[in-house]
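Student: One letter stands for each residue in the lines below.
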Amino acid sequence: MEDILQDSSVKVADSLVVGGGIAGLEAALNLANTGQQVVVVEKDLSVGGRMIHLSKVFPTLDCSACITTPKVSEAARHPHINIITNCELKQISSDENSYWHVRLQINPRYVNESLCTGCQDCEEACPVVVRDEYQYNLVGRKAAFIPFSIASPRVAAIDIDNCILCGACEKACGPGAIDFSQEPVQTEWVVKSIIIATGFKLFDSDKIIRYGSGKFKNVLTAMQMERQLVPTRPFNTVLRPGDGKIPEKIAYVLCTGSRDESVGNPICSQICCMYSIKQAQLLLGALPMVDVTVYYLHIRAFGKGFDEFYQQAKMMDVNFIKGKVGRIRELENGDLVVRYEDIASGQVMEATYDLVVLSVGILPNMDVEKIAGLETLELDPFKFLNQRHEMTNPFKTNLPGIFMAGTASGPMDIPDSILSAGAVSALVNKYNKQLLETTVNSLEITSWND
Amino acid sequence: MSGKTIDIIKQKIKVPDALRQRHKEYLALRKRIREALADGEATIPEIAAKSGVPADQVVFILMTMRKYNEVVAGEMNDDREYYYYKLKADE
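Residue numbers (numbering that gives the first Met the number 0), protein chains in the order written: chain X, 0 to 449; chain F, 0 to 90.
Calculated directly from the structure, the hints in this document are not laboratory data.
Note that the structure is a prediction, hence the values are computed from the model and not measured.
Treat the hints with care, as some may be off.
[Claimed, not checked] Quick list of in silico lysine to any residue cross-link-like pairs, SDA-like style, CA-CA up to 20 Å:
| hint | chain 1 | residue 1 | chain 2 | residue 2 |
| --- | --- | --- | --- | --- |
| 1 | F | K13 | X | D158 |
| 2 | X | K170 | F | Y81 |
| 3 | F | K9 | X | I159 |
| 4 | X | K429 | X | P399 |
| 5 | F | K9 | X | Q119 |
| 6 | X | K429 | X | Y98 |
| 7 | X | K248 | F | D55 |
| 8 | X | K89 | X | Q185 |
| 9 | F | K23 | X | Q119 |
| 10 | X | K323 | X | R232 |
| 11 | X | K248 | F | M75 |
| 12 | F | K9 | X | A171 |
| 13 | X | K214 | X | V262 |
| 14 | F | K23 | X | G166 |
| 15 | F | K23 | X | L103 |
| 16 | X | K200 | X | E87 |
| 17 | F | K66 | X | Q119 |
| 18 | F | K49 | F | V71 |
| 19 | F | K66 | X | G211 |
| 20 | F | K3 | X | K10 |
| 21 | F | K11 | X | K429 |
| 22 | F | K3 | X | G173 |
| 23 | X | K248 | X | G211 |
| 24 | X | K206 | X | R326 |
| 25 | X | K200 | X | K313 |
| 26 | X | K10 | X | L103 |
| 27 | F | K13 | X | K369 |
| 28 | F | K66 | X | Y135 |
| 29 | F | K87 | X | T236 |
| 30 | X | K369 | X | E389 |
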């Protein structure tokens, strides 16, 4: 260890947090506020995770970005936190002292972060338009771009896979921040502990062919509708992507890709009922004449204030139909016919809508499996991180010094993600201090297995 | 890094033909939409009919143009089903 500390090419921190979403940042802030040195690695160009892209949170309807951005800002400015974006974990291994050695690769964004002012002159000059993944493909973005308006860091990047190498961005950049000479940079860190907060993936609704996702232009995913409801929305109002019509009848199909053995995801995603009810309420605010119908198997309103939120949606005339949607077909004018089994009457029925929103479930982030050198990290039967002591210590993995926070361990909502991050940071704080004080063997016996 | 770093990367990678082709197609579609708006404001179905560009592609390109300040949205049509859009220069 002494050798490592004297090696200037190796950087040292107390903890490494993998993932800069709300759980990762919350854990990092808690640890940093106790004096621990934390490095946060994020594979995306910005921290903030999924939450920074949401409109409002349920059931309070508080502005999601207004909760996320102060934490992002605090973490970015914290003297004990080092945030590295656009970064991959290449290798993780432990030494005889139970310290973790982590090799990171920072990929080039072809923009010098210290020179970029976020002015977007490069974006204006860039002639190339590709689908904007941060707006869930509803509009385009340039190949030279700021990921989104509240990105952190607010620094441009060049999407080199879609760049035509015209050099317009470099000419337009006043401060001279564009730098096509950048190469991937590898660094090595030594840390006492690692928190995996890699979040979740959304179910790919194109896999359910009978719903027409990816084929019918007016079948959206819930995240696409979410983006239509945020202040920085792609259409500046709610419209059908197929023809720009203002929708008057909208249907939600719950449990798309969750509680469904046929698509390989038998478990409940825990958030789809409530985010759909939230969106239904927000739609009624955005489009006063709209009719919203929610097709559901069961409404799972289990959290504090959730059932009241559900009842409130009913009082606002959101129509709830208990029934399984079998198929969706498209009419010539872009309208969509939903064929469903109405549980109340036992009949197969059809109804026509302007727009259908698929409330997609959440899946494990399989990128965890790709973390080099961590083949021994245990996953549960659903491919989330395995909680060995689910009832007594749900935040430990099977590997000493590696913890989990947020949805890396399974579906949960935002408050539970933040709660888990708080709990894990307390555990990690204790673990880091113990590692300094105890020998490897005693640590494993007295701390990890209790 | 000073100077034209674009020349450095040009020596390392080549632009795929498919990417060049997609870029050309996008510019051609955008031109047709701009021409459809040259006479004044129009709804998306009207732009699609005038330009021959499929309505879903009009939505994508027009909303990208709106994002980059080339197009502005106006009032709703009489049926309150569609918004009118016009080129920024027409304001």
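Student: All hints, please: hold or fail.
Tutor: These are the hints, each one checked on the structure:
1. Proximity of K13 of chain F to D158 of chain X is assessed by CA-CA distance (about 14 Å); at most 20 Å being required, the pair is judged to hold.
2. Restraint check for K170 of chain X and Y81 of chain F: the C-alpha separation of about 39 Å exceeds 20 Å, so the hint is violated.
3. Simply put, K9 of chain F and I159 of chain X have alpha-carbon atoms about 11 Å apart, close enough for the 20 Å limit, and the pair holds.
4. Restraint check for K429 of chain X and P399 of chain X: satisfied, since their Cα atoms lie roughly 13 Å apart, inside the 20 Å limit.
5. A threshold of 20 Å between alpha carbons decides the hint, and for K9 of chain F with Q119 of chain X the separation of about 23 Å lies outside it, so the pair is violated.
6. Distance restraint check for K429 of chain X and Y98 of chain X: the Cα-Cα separation of roughly 15 Å lies within the 20 Å cut-off, and the hinted pair is therefore satisfied.
7. Between K248 of chain X and D55 of chain F, the direct Cα distance comes to roughly 19 Å. Compliance with the 20 Å bound is thereby established for this hinted pair.
8. Proposed proximity of K89 of chain X and Q185 of chain X is supported: the alpha carbons are some 9 Å apart, at most 20 Å.
9. Only pairs whose Cα atoms come within 20 Å are accepted, and K23 of chain F paired with Q119 of chain X is rejected, the gap being roughly 23 Å.
10. For the hint linking K323 of chain X to R232 of chain X, the alpha-carbon distance of about 31 Å lies beyond 20 Å, and the restraint is violated.
11. For the given pair, K248 of chain X sits about 18 Å from M75 of chain F by alpha-carbon distance, which is consistent with the 20 Å threshold.
12. For the proposed pair K9 of chain F and A171 of chain X, the alpha carbon gap of about 18 Å is at most 20 Å, so the pair holds.
13. Only pairs whose Cα atoms come within 20 Å are accepted, and K214 of chain X paired with V262 of chain X is accepted, the gap being roughly 19 Å.
14. Simply put, K23 of chain F and G166 of chain X have alpha-carbon atoms about 17 Å apart, close enough for the 20 Å limit, and the pair holds.
15. Straight-line distance between C-alpha atoms of K23 of chain F and L103 of chain X comes to about 38 Å, which puts the hinted pair past the 20 Å bound.
16. Distance restraint check for K200 of chain X and E87 of chain X: the Cα-Cα separation of roughly 17 Å lies within the 20 Å cut-off, and the hinted pair is therefore satisfied.
17. As the CA atoms of K66 of chain F and Q119 of chain X are separated by approximately 13 Å, the hinted pair is consistent with the 20 Å bound.
18. A distance of roughly 19 Å separates the Cα atoms of K49 of chain F and V71 of chain F; the hinted pair therefore holds under the 20 Å criterion.
19. This hinted pair does not check out: K66 of chain F and G211 of chain X have alpha carbons roughly 28 Å apart, beyond 20 Å.
20. As the CA atoms of K3 of chain F and K10 of chain X are separated by approximately 33 Å, the hinted pair breaks the 20 Å bound.
21. Distance hint between K11 of chain F and K429 of chain X is unfulfilled; the C-alpha atoms sit about 49 Å from each other, more than 20 Å.
22. With a C-alpha separation of about 13 Å, the suggested pairing of K3 of chain F with G173 of chain X holds against the 20 Å cut-off.
23. About 18 Å separates the Cα atoms of K248 of chain X and G211 of chain X, which keeps this hinted pair within 20 Å; it holds.
24. Restraint check for K206 of chain X and R326 of chain X: satisfied, since their Cα atoms lie roughly 13 Å apart, inside the 20 Å limit.
25. For the given pair, K200 of chain X sits about 30 Å from K313 of chain X by alpha-carbon distance, which is inconsistent with the 20 Å threshold.
26. Note on K10 of chain X and L103 of chain X: the hinted pairing holds, with a Cα-Cα distance of about 11 Å set against a maximum of 20 Å.
27. About 29 Å separates the Cα atoms of K13 of chain F and K369 of chain X, which puts this hinted pair outside 20 Å; it is violated.
28. For the hint linking K66 of chain F to Y135 of chain X, the alpha-carbon distance of about 15 Å falls within 20 Å, and the restraint holds.
29. Distance restraint check for K87 of chain F and T236 of chain X: the Cα-Cα separation of roughly 19 Å lies within the 20 Å cut-off, and the hinted pair is therefore satisfied.
30. The straight-line distance between the Cα atoms of K369 of chain X and E389 of chain X is roughly 24 Å, outside the 20 Å bound, and the hint therefore fails.
When the structure is compared with the earlier hints, violations turn up for hints 2, 5, 9, 10, 15, 19, 20, 21, 25, 27 and 30 and for no others.
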